[in-house]
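Chains A and B supply the protein sequences, listed in that same order.
Residues in the first sequence are numbered consecutively from 1, following our numbering.
Residues in the second sequence are numbered consecutively from 1, following our numbering.
Warning: the hint list may mix true and false statements.
Ranges between beta-carbon positions, derived for each pair [what the hints assert, rightly or not]:
hint, chain 1, residue 1, chain 2, residue 2, range
1, A, M1, B, E17, 53 to 59 angstroms
2, B, R388, A, P58, 47 to 53 angstroms
3, A, P58, B, D436, 52 to 58 angstroms
4, B, A79, A, R76, 38 to 44 angstroms
5, A, P58, B, Q38, 30 to 36 angstroms
6, A, S14, B, R14, 34 to 40 angstroms
7, A, M1, B, R374, 39 to 45 angstroms
8, B, A79, A, L64, 29 to 35 angstroms
If you are wondering where the hints come from, they were derived from the structure by calculation, not from laboratory data.
Glycine residues also receive a C-beta, built at the ideal position from the N, C-alpha and C atoms.
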Amino acid sequence: MHGYGIAQHIQQTSEDVLQVEEGSLYPALQRMLIKGWVTAEWGQSENNRRARYYQLTPAGKKQLAVEISQFERVMRAVTQVIQPA
Amino acid sequence: MESVGELWRRLLFRLQEGRMDRELQQEMQFHLEMKERQNQDAGMAAQDARHTARRQFGNILALSEKSREAWGWPAFESAVKDLKLALRALRRNPGFSALAVLTLALGIGANTAVYSVVQAVLLRPLPFPDPERLVMAWDQRPLFGDDRVYHASSPQFFAWQTETKSLESIAAMTGGYGVVNIADEPTEISGVSVSADFFRTMGVQPTEGRAFSDQELQGADPRVVILSHRMAQRLGGNMVGKTIRGGRASYLVVGVMPRGFTFPNECEIWYPLTAAQFAASGSGNYNYRIVARLKRGTGIPQAQSELRTIRWPGQSDRLVEAVKSVSLVSLRQQIVGRSEKALGALLGVVACLLLIACVNVANLTLSRAAGRQREIALRLSLGASRGRVLRYLLAESAVLAFAGGALGLAAAYWGVHAFAASNPVGLPRIGEIAVDTGTLVFTLVAAVSTALLVGLAPALRVSGLEVSAALKQSGPNVAGDPRSNRIRSSLAVAQIALAVVMLASSGLLLRSFVERISVPLGFQPTGLIGCELPWSAHRRIDELLERLRAVPGVQTAGAVTSFPQDEAATRGGIELEQQPHADKEAPVAGQMVVTPDYFRAAGLTLRRGRFTASTDGPDAPKVAVVSESLARQYLPGEDPIGKRIHRGESWMTIVGVVGDVKGFSVDGAPLPAVYIPYRQVSWDNGVIVLVRTAVPPTSLLATVRKELRAWNKTMLISRLAPVEELMAESVAGPRFYMLLVGVFAAIAMLIAAVGVYGTLNYMVTQRTHEIGVRMALGAARGDLLGMIVGQGFAVVLVGMVLGLASAWGFTRVLQTLLFRVKPSDATTFVATSLLLSCVGLIACYVPARRATRIDPLQALREE
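Can you make the complete structure from the sequences, with help from the hints?
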């Protein structure tokens with residue numbers, strides 16, 4: 001997926017709840033490139049424009065799993081705290 | 001931690017930075033275009049769609065910057081960039097930069113120089129194995145003024161040596177100088193006679209040759225010596241087995257000590273202290289300094305209490321008491337103890353100087369920062385983070401501090417070498433001084449702290465900067481930024497306070513110096529020539545004195561064993577007839593052997609009775625002349641004339657009382673003194689010849705030297721000079737400290753005055769418009785002047801009060817450098833306050849006056 005696509009995806013799937021400054025995606029992508037969690041390749045977009053496509057690497061998938069499990073732990077904790085017993 | 005792959009990718013990205021950057025821009029552009037199209041599809045106008053897309057995307061410049069940071073080593077890169085920027089900014093303003101660098105160089109240089117002295121003298125371990133086990137014995141009683149070394153008698157030393165269980169070894173030392181002919185000229189050098197175990201005790205053996213053998217130590221007059229490395233080099237190197245001459249005697253060199261071993265007192269030559277010499281000195285002679293090595297695991301208190309209980313033959317009851325006050329003190333304490341506080345004080349003073357320099361440069365930087373407010377606001381609004389701008393400002397102060405540090409280091413290097421070469425204050429271990437790694441680290445730390453201190457004030461400002469307000473502001477605002485003025489005022493206050501501390505310190509040293517040189521001497525140094533001759537000269541002393549008296553212009557000439565301005569060369573216990581000594585200190589007195597003319601030549605005053613006379617021959621009744629303080633201390637309320645006094649082996653009758661002579665103990669009360677006629681005792685020290693002249697003494701120096709040489713062609717003649725000149729040497733140390741601190745204080749005051757002036761000038765300039773308004777509304781010039789000066793002087797006053805309070809605390813550390821002046825001396829503090837008030841007033845008045853000379857119309861137009 002290219003950067004714009006990722007931004008769109010986040011906005012749409014979160015039903016416009018997560019509206020970050022779209023550009024902040026790019027520094028994050030650069031960091032992930034350096035870390036080796038994603039790879040990038042230039043390709044043709046749907047409307048024949050050159051765009052950079054990002055792909056998760058195995059290391060990236062592993063990191064994602066770690067991040068998700070951590071996030072879920074925090075979420076569980078938060079849920080438990082805010083829900084009446 | 002970074003993995004290898006990550007490092008590799010970083011390197012790859014770094015190498016292709018240009019391409020990566022282009023691709024990133026393309027990618028972002030693509031994003032924006034897509035977004036724009038989407039917005040248009042949603043029904044927005046073209047212009048609107050583009051702006052909305054941009055707003056949603058965020059600051060492209062800042063985001064690219066952040067992305068680039070992800071690839072590289074951003075901290076390093078931005079630091080380099082900051083440094084480049086800082087250098088450029090500083091080059092644009094050479095006046096400011098030069099001033100700042102010079103000020104800081106002064107502060108850092110002074111600190112580095114003093115620190116390298118402190119390091120060599122105090123911090124570096126002594127160059128002996130296990131130095132912490134080395135001790136010296138000293139007497140706690142304040143009888144000997146400054147010199148705290150315990151002088152033991154030979155029976156005492158032998159008793160300690162045989163009976164001790166807590167000392168591994170113990171050695172005795174005596175004498176203070178030796179004579180070596182360098183290029184055929186007899187030259188006096190630092191030297192000492194040492195007993196058998198000296199080198200074993202110190203744990204250092206000769207690197208070439210050997211230590212003294214038992215035969216040499218048993219012999220009555222063994223002509224063998226050990227040389228210091230430096231002396232051996234000076235005499236040509238490879239000295240072991242060679243013969244050197246000292247005066248007319250010749251000595252066989254048996255050993256050369258390793259480089260750097262110069263114990264005690266920068267010693268250059270060691271002689272054996274023989275059994276015969278020990279035997280010749282009786283129980284009444286306290287001539288031996290004691291150095292010992294503690295057994296492993298033994299503490300100083302343990303050894304000390306043991307030595308206090310050891311008895312020796314012929315020990316009088318009083319000496320049993322006296323020995324109870326023997327203290328052991330670590331060698332380190334003994335060697336550097338007195339310098340410790342003086343150097344600490346000096347370090348405090350130069351630290352003050354550096355602080356003042358920092359504050360001043362911070363103030364200068366702040367003025368620049370105020371002028372650059374718009375530039376900084378612009379940087380902030382263009383997407384620079386506050387942290388980034390802060391780093392940029394810090395880079396500037398870092399460049400200044402490090403340039404100052406480098407310059408200061410060079411100055412310190414030069415200064416320290418000049419200092420070590422002259423050693424004006426007789427510091428121990430001065431030969432070990434070097435500007436080395438420790439010093440470099442110190443300079444580095446000083447420079448970094450300086451950079452932080454200097455950068456702090458502008459940084460504080462940036463953190464509170466209102467961007468939009470700063471951008472909108474077109475010129476200086478009416479009353480000046482109160483926040484900035486507050487910082488500047490505090491800086492000015494700090495400067496003044498520090499300057500007060502330094503001024504008070506230098507004032508105290510000045511007063512103390514004046515006190516020291518104005519102590520009543522008890523003799524007449526004006527019109528007096530002195531010189532020191534070897535002990536053997538006493539044998540034909542009458543002949544020599546006759547010769548000198550025959551010189552036209554000479555009034556009289558006499559001889560004695562110690563210069564009146566020096567400490568007594570011989571001191572020891574005396575006993576007084578019928579003296580109730582049970583609860584008293586054991587009487588100790590300086591003992592001088594004199595020719596009858598000594599008193600008149602030196603100009604001592606006779607209080608009672610008579611001086612010694614030529615009739616006091618070997619067969620006449622034994623007599624002595626005592627000093628006033630001896631009579632007062634040990635024979636209070638009695639007529640001393642006719643009382644008997646015991647010294648060594650014989651009783652003497654007191655026939656006269658003379659005034660005290662200061663020299664025997666410059667800093668404390670005068671040491672009681674006994675003068676003994678030279679034909680009734682053996683001459684026990686060097687020969688000091690004093691020549692009283694009727695013409696200016698310098699005009700007779702050459703003649704006196706010629707006479708001395710005519711009398712003896714080969715003897716060592718040392719310290720031949722007008723006594724006033726010789727005395728100047730004895731105050732060289734205090735004079736040096738006074739000058740050093742005085743110069744630093746003067747610089748500090750100047751910097752502080754410039755700081756106050758700068759601060760006030762800036763405040764006044766900012767208020768030009770306001771002053772114009774006030775004048776247009778009818779304010780009198782005089783009132784305005786008063787108002788501005790008053791406000792400036794309030795700053796000076798606050799600084800002064802704070803400074804006086806800190807000085808009150810700080811000057812206590814100067815105690816050891818002071819002579820008869822209390823650290824809280826009121827005169828000094830009042831004078832300091834007055835001086836600073838005057839300087840402060842001028843610094844306030846000049847800008848204030850200029851401000852009130854402004855033409856109101858012009859001031860109002862100026863915007």
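Comparing the hints with the structure gives:
1. As the Cβ distance of M1 of chain A to E17 of chain B is approximately 25 angstroms, the hint placing it in 53 to 59 angstroms is violated.
2. A C-beta distance of roughly 36 angstroms is found between R388 of chain B and P58 of chain A, which places it outside the suggested range of 47 to 53 angstroms.
3. Our hint of 52 to 58 angstroms for P58 of chain A and D436 of chain B holds, since their Cβ atoms are close to 54 angstroms apart.
4. Taken as a hint, the range 38 to 44 angstroms holds for the pair A79 of chain B and R76 of chain A, whose Cβ atoms sit roughly 43 angstroms apart.
5. As the Cβ distance of P58 of chain A to Q38 of chain B is approximately 33 angstroms, the hint placing it in 30 to 36 angstroms holds.
6. Take S14 of chain A and R14 of chain B: their Cβ atoms lie about 35 angstroms apart, and the range 34 to 40 angstroms holds.
7. For M1 of chain A and R374 of chain B, the Cβ-Cβ distance of about 44 angstroms falls inside the hinted range of 39 to 45 angstroms, so the restraint holds.
8. Here the CB-CB span from A79 of chain B to L64 of chain A is close to 34 angstroms, well matched to the stated 29 to 35 angstroms.
Checked against the numbered hints given earlier, this structure breaks hints 1, 2; the rest are met.
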